[in-house]
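Enquirer: Build the full structure now, drawing on both the sequences and the hints.
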Amino acid sequence: MRVTADRDRCVGSGQCAMLSPEVFDQDDDGLVLVLREVPAADLAEEVHQAADLCPAQSIRVDD
Amino acid sequence: MTQSADALPEQDAPLPRFPMRRTCPFSEPREYAGMRANEPVSRAALKVNGKPAWLVTRHEDVRQVLGDSRVSSNLKLPGYPHQFHIPEEMLAQVRLMMLNMDPPEHTAQRRMLIPEFTARRVKELRPRIQQIVDEHVDAMLAKGGPVDLVTALALPVPSLVICELLGVPYEDHAQFEEWSAAMMNHDLSPAEYGAAVQALDTYLDKLVTLKENEPGDDLISRFLEKNRTEQVADHVDVVTMARLMLVGGHETTANMIALGVLALLQHPEQMAALRDDPALLPNAIEELLRVFSISDSGTARVAVADIEVGGVTIRAGEGILALNNAANHDESVFPDPGTLDIRRKEARSHLAFGYGIHQCIGANLARVELETVYGTLLRRVPGLRLAAEPEELRFKDDAMVYGVYELPVTW
Ligand code: HEM
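If you read the protein sequences in the order shown, they are chains W and L. Be aware that the first sequence starts at 1, since it is given in the working numbering, and climbs by one per residue. Be aware that the second sequence starts at 1, since it is given in the working numbering, and climbs by one per residue.
Since the hints were made in silico from the structure, they are not lab data. A quick note: this is a predicted structure, and the numbers were derived from the prediction, not measured. Hints should not be assumed to be uniformly reliable.
Some chain W residues judged to face chain L by a derived CB distance under 10 Å, without partners named [claimed, not checked]:
| # | residue |
| --- | --- |
| 1 | Cys10 |
| 2 | Val11 |
| 3 | Gln15 |
| 4 | Leu31 |
| 5 | Leu35 |
Note that CB positions come from ideal geometry on N, CA and C, so glycine has one too.
Expert: Below, the structure written as structure tokens:
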């Protein structure tokens, strides 16, 4: 699993940081930061949920 | 001579009218389920002016519309589906709020504000929100029941939270609350209502001027500070932004507080489960947001190019209501959508805060406010119960934001 995020699209909803704080954070500007590009397999469910719920569809997960 | 029926010129059936009423406070308007099943993208006539608009009702289609860059939020564009009457000459003059801007102006203003509402920032506000809630619950308990939960708790809590966020000086809080409560009092005459709006606007204008000269530790001051280096807004824009924060964050949260408490009181076994296990609260809040979807038609747009939605072509210039209440009852995403289930695992997929670039910037703040209020009532007022017959309650059936006018409770 590989996680990337498009910061140009990000609208700072913070959903990802709340759903999967080990993988996502928000920087001082409130935009998405990917903390772990290759998260542990047991985080797959929350990472996919974060990608699905992202209102700007700026998170991509390649399995 | 009589004409046979089939010789008559074909007459279109009159369009259904929008908004449609919620016959039961805990469910969507009855028409929505049929629309989702038979004609998920269909036309209706707006009650306010008789003009046509598209109603989009499926979860997938609502997400598609709200995520599409070929739709605009600009209420000045012809075809925008207005839901209350704004005279043309007034419309030409209004300053657009961020809510009604499109990129790139929207992006510039939103980026200035995002840092105020990050998950981390909102978490930092938690203790102060708890204090505000506790003070109001103390006062309620001291006074004794029955009380109207709307005036005792639901309105003042979000009002004070926004006051402090915007940096309204403490001595002005009471005045501020009075105006903002007046703006939500639907029993006022148009003149009284207009006076409250005017007073609040004058106040916000002065407040912004004050912050321009004497910056403080608040949202408006930080916005002004950033604006000095990368100017995106003039004075009027900042006043307009402050007003948007107030109206966007106040009535919505207040209505959710009261409706959520009512829903829990009407589902005692789920309320008991929440009291026993507060860890269920975050999911319960998502479910309450879903079930009520109080800002159903807040997600209004106008197409700026021809777009294809659910097999239908919406032409440039046509109005669209991407109905989040309809989407939130889409049985393909939420099985048995009419049932409140605080443990529902897909609850978070609701679109009650919208979707796309305009998704509610205050969503995380609203969540913390709701969690604090519900959590505190569960803990501190275990005997809470309705002090009226459910049939006596009056709901905001025709308002843009759904809610209950009064919620008499005792304990
Ligand atoms: C339960 C409470 C709330 C509900 C149901 C709600 C609902 C919504 C919805 C549906 C939208 C999207 C409108 C659209 O797509 O055109 C929105 C946007 C917005 N909301 Fe909320 N809201 C709530 C609380 C708040 C709070 C607490 C604040 C501020 C402190 C706030 C400020 C805003 C702003 C500024 C926007 C415009 C965002 C943009 O255009 O980028 N809301 N809200």
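Enquirer: Does Leu31 of chain W hold up as a contact with chain L if the rule is Cβ-Cβ below 10 Å?
Expert: It holds, given that the least Cβ distance between Leu31 of chain W and chain L is near 7 Å, below 10 Å.
Enquirer: With a cut-off of 10 Å on the beta carbons, see whether Leu35 of chain W makes it to chain L.
Expert: violated, 13 Å
Enquirer: Tell me if the interface restraint on Val11 of chain W is satisfied: Cβ within less than 10 Å of some Cβ in chain L.
Expert: Where the cut-off is 10 Å and the nearest Cβ of chain L is about 5 Å from Val11 of chain W, the hint holds.
Enquirer: Report holds or violated for the interface hint on Cys10 of chain W, using the least CB-CB distance to chain L and a cut-off of 10 Å.
Expert: With a closest approach of 9 Å, the Cys10 of chain W hint holds.
Enquirer: If you take the shortest Cβ to Cβ gap from Gln15 of chain W to chain L, is it below 10 Å?
Expert: Gln15 of chain W check passes; min Cβ-Cβ to chain L is 8 Å, inside 10 Å.
The structure fails hint 5 only (numbered hints given earlier).
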